[in-house]
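**Q** For the sequence shown, counting from 1, position 289 maps to 289 in the working numbering; every step adds exactly one.
Honestly, the hints are just simulated from the structure, not real lab data.
Where hints are given, some of them may not hold.
[What the hints assert, rightly or not] Cut-off 30 Å, straight-line C-alpha distance, at most; resulting in silico cross-link-like pairs (DSBU-like, lysine-lysine):
1) 111 to 45
2) 3 to 20
3) 3 to 371
4) 134 to 230
5) 430 to 322
6) 230 to 493
7) 206 to 196
8) 303 to 358
9) 472 to 192
10) 333 to 351
[To be verified] Now the in silico label distances, taken between C-beta atoms and shown as ranges:
11) 42 to 481: 36 to 42 Å
12) 74 to 431: 51 to 57 Å
13) 169 to 497: 26 to 32 Å
14) 98 to 130: 29 to 35 Å
15) 20 to 74: 29 to 35 Å
16) 472 to 201: 44 to 50 Å
17) 144 to 473: 28 to 34 Å
18) 21 to 473: 50 to 56 Å
19) 379 to 498: 47 to 53 Å
20) 397 to 109: 53 to 59 Å
21) 87 to 34: 54 to 60 Å
Treat the numbers as computed from the prediction; the structure is a model and nothing was measured.
Every residue gets a Cβ at the ideal spot worked out from N, C-alpha and C, and that includes glycine.
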Amino acid sequence: MDKVYTCAAMRAADEYTIEKLNVPSSTLMERAGKAIADAAEERLKNAGGKSVLSVCGGGNNGGDGFCAARLLSERGYEAEVYCIAERFSKDCLEQKEKFKGTVLTQVPDKKYDVVIDALCGTGFSGEPNEKLAKQIDIVNTFGKYVVSADIPSGLNGDTGEYVKCVKADETVAIGELKSGHFLAGGQEMCGKVTRKDIGIGIKGQKADAVIYGLAELKDCFPFRKKESNKGDYGRASVLAGSLTYSGAPFLTAGAALRCGCGYVRLAVPEELFSYCVGKIPEVILTLAPSSGGFLKYDEDFLKMLAKASDAIAFGMGCGTGKDIYESICFLLKEFEGVLILDADALGALAKFGTKVLKEKNCKVILTPHMKEFSRLTGKSVDLIRATGTQAAREFAAEYDVTVLLKNNVSVISDGTKTALNTEGTPALAKGGSGDVLSGIICSLAARGVTPFMSAVCGAYLLGNAGIRAEQKSSEYSVIATDVIECLSEAIRKLQEYNS
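Model the full assembly from the supplied sequences, consistent with the hints where possible.
**A** So, in structure tokens, the structure goes:
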């Protein structure tokens, strides 16, 4: 499990380390410079290169770059620095004076095997000025391989947003991982992220989020007892579909079946029922009251479904009419299990009101993508992205629900705990992926996994299965049914940690 921190938390940790632990700032800079130099040297050795350009600003990030250049020069590499800063921090100036090699003030006239990006650190946000923008262009143009010091210059360290920034092949995260390494565009712009401990004391600083690894997620799939039966593994129900979207129910139910619950019930509108017969023989196919091909609000039916289920996934391909909203309201009050609301159920909530989420007797998991979350909250997508993990956490806390905010890196929060899911592939950017995710989560929740961990593990399994499906075909060719077929391999990998 990796912890992820905000930039403010890391600044406080730096101060604590310097002032309370009595570690000089110059010592921390020397350690940071070594970590960056080590990363650059590893690349040089692997690629057979010799030349390095460290592009430095005048702040402490620049000092890390000067230090790295000096150390690489001492190790026998051809290390130069490009720096046009006019003012320097105390520690940066000290490192600049220690570096005895060439300091360029004109744009280089050659390419380098490695370029170190040490222009500006996690304190930067917004749009770079003209001078910094030109320096960013130099980093992006003159290196065969770019190593960024702590975070790519121009990238917001909390949100991963940028107007113009360095595109690194590798980022050396100094001390701790930052939220901006992963959120929004951070994952792509940072490249490979390597965390380097330089002795910064993090005591007293709360992590912004955590990234769960296999060691933690394995607990969602313990080995089954020899003496067990299907009743021991929960009852998942899928209430989904319409004449407009007839495929969604199959994807959700199919994914739920692959993730280990004992029973999967698939309830579809009457107009779809005959079409669904025999399509998935393992499900309990149930006719749901409907009108014109869309689900209809029916208390007797919903009471039956609630009584027969430990977890219900609702909303995939249903439409956003009043009947859907009234069904949500009824289940929130009458159901005592875990209710997963996705797709059109989220649309109905946004359309008719979210206050009903505060009047519930069940546990709730919401799985919106950015636009759905924007409609739920009334906030623009840009504003949501600009808050990092905050928007999902605040909504989850206000309504006492678990939110899985889907993106290339998803944010999962129950208002108290927050996690990031970094597992995934662009191959999942295709219709049906969200339906599969809802089925995975429903199955986990039906087996008794907590809502928060159901969402965390569900997001991981979807991402990992997507990667496996991509490896068998291509990122363009993967479809949702391919992902379902790869779920068993992803689950087996988790269970290996239980061996």
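**Q** For each hint, tell me whether it holds in the structure or not.
**A** Okay, the hints, checked on the actual structure:
1. 111 to 45: Given that 30 Å is the threshold and the Cα spacing comes to 17 Å, the pair holds.
2. 3 to 20: Cα-Cα ~22 Å, so holds.
3. 3 to 371: Holds: residue 3 and residue 371 sit about 27 Å apart, inside 30 Å.
4. 134 to 230: Since the Cα atoms of residue 134 and residue 230 sit roughly 63 Å apart, the hinted pair is violated (cutoff 30 Å).
5. 430 to 322: holds (28 Å)
6. 230 to 493: Holds: residue 230 and residue 493 sit about 23 Å apart, inside 30 Å.
7. 206 to 196: Given pair residue 206, residue 196 holds - Cα atoms ~19 Å apart, limit 30 Å.
8. 303 to 358: holds (20 Å)
9. 472 to 192: holds (23 Å)
10. 333 to 351: holds (19 Å)
11. 42 to 481: 36 to 42 Å: The hinted range 36 to 42 Å holds for residue 42 and residue 481, with Cβ atoms some 41 Å apart.
12. 74 to 431: 51 to 57 Å: holds (55 Å)
13. 169 to 497: 26 to 32 Å: Because 30 Å falls inside the window, the suggested range holds.
14. 98 to 130: 29 to 35 Å: holds (30 Å)
15. 20 to 74: 29 to 35 Å: holds (32 Å)
16. 472 to 201: 44 to 50 Å: holds (46 Å)
17. 144 to 473: 28 to 34 Å: With a Cβ separation near 31 Å, residue 144 and residue 473 satisfy 28 to 34 Å, so the hint holds.
18. 21 to 473: 50 to 56 Å: holds (52 Å)
19. 379 to 498: 47 to 53 Å: Once the Cβ atoms are compared, 41 Å apart, the range 47 to 53 Å for residue 498 and residue 379 is violated.
20. 397 to 109: 53 to 59 Å: holds (55 Å)
21. 87 to 34: 54 to 60 Å: Given a distance of about 25 Å, which is not inside 54 to 60 Å, the answer is violated.
Checked against the numbered hints above, the structure violates hints 4, 19 and 21; every other hint is satisfied.
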